[in-house]
Amino acid sequence: METGMQYKWFKSYGLEVICGLIIFAVILDACTGGNDPAVPVEAAPSQSASQEAAVPVQEAPSQSATPSAVEPAAVPLDTASAVPVVPTPITVDELLDMLNSAKMGGMKVGDRFELTGELFTSEYWSRGVNGEFFINLKAMDGANDIMVFIDQKATAGWRDGQKVHMVVEMGLATMKGETTDGWLRAITAEIVP
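Mapping to the numbering used here: the sequence shown position 57 is 57, numbers consecutive.
A couple of the hints might just be wrong.
Okay, derived cross-link-like pairs now, BS3-like style, lysine-lysine, Cα gap no bigger than 27 Å in a straight line [what the hints assert, rightly or not]:
(1) K176 / K108
(2) K163 / K153
(3) K176 / K103
(4) K163 / K138
(5) K153 / K138
(6) K176 / K153
FYI, nobody ran anything at the bench for these hints, they're computed from the structure.
The whole structure should be built from the sequences, with the hints applied where relevant.
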């Protein structure tokens, strides 16, 4: 008898509840910014291709408009940008706070940040669902971390506890057919003493 009552309630109100939830989700997505439709979705797959091209770039002298921005020991990981973007100096904790704040603290796709962080939880470094290799930087005294996509070849010999100085760029990633922003990719990276 109880199952019949549940079915009757669902038959009477279920469709309205489901429609209400869908409308609520659409409104919430619109209020929180959602994905920017002006940003081309094709940008995510090309990121991976640009990282693969990083190995030959390491052997050649830098042709960048700002050669002083990359130390000789730094590993350039992305040369796809035609317009140089000046990175914003930031700490790992401040960057994590921005990523977790409403509308990601005003961060936009293409924004770059310069930081020094501690390598963390190397046992979890691997290729993600999107096929890109990632590392973790320690945040909030080890209570959290930030994931950064990086060319795996650049991480040879890296281990937990080492400090790495890097420039990261906020970008898109496609996972299981869904493209979202808020993902960090290393543009340059070097271990520092």
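Tested hints:
1. K176 / K108: 22 Å, holds
2. K163 / K153: With a Cα-Cα distance of about 17 Å, the restraint between K163 and K153 holds, given a limit of 27 Å.
3. K176 / K103: 23 Å, holds
4. K163 / K138: Answer holds: K163 to K138 is near 10 Å, not above 27 Å.
5. K153 / K138: 21 Å, holds
6. K176 / K153: 25 Å, holds
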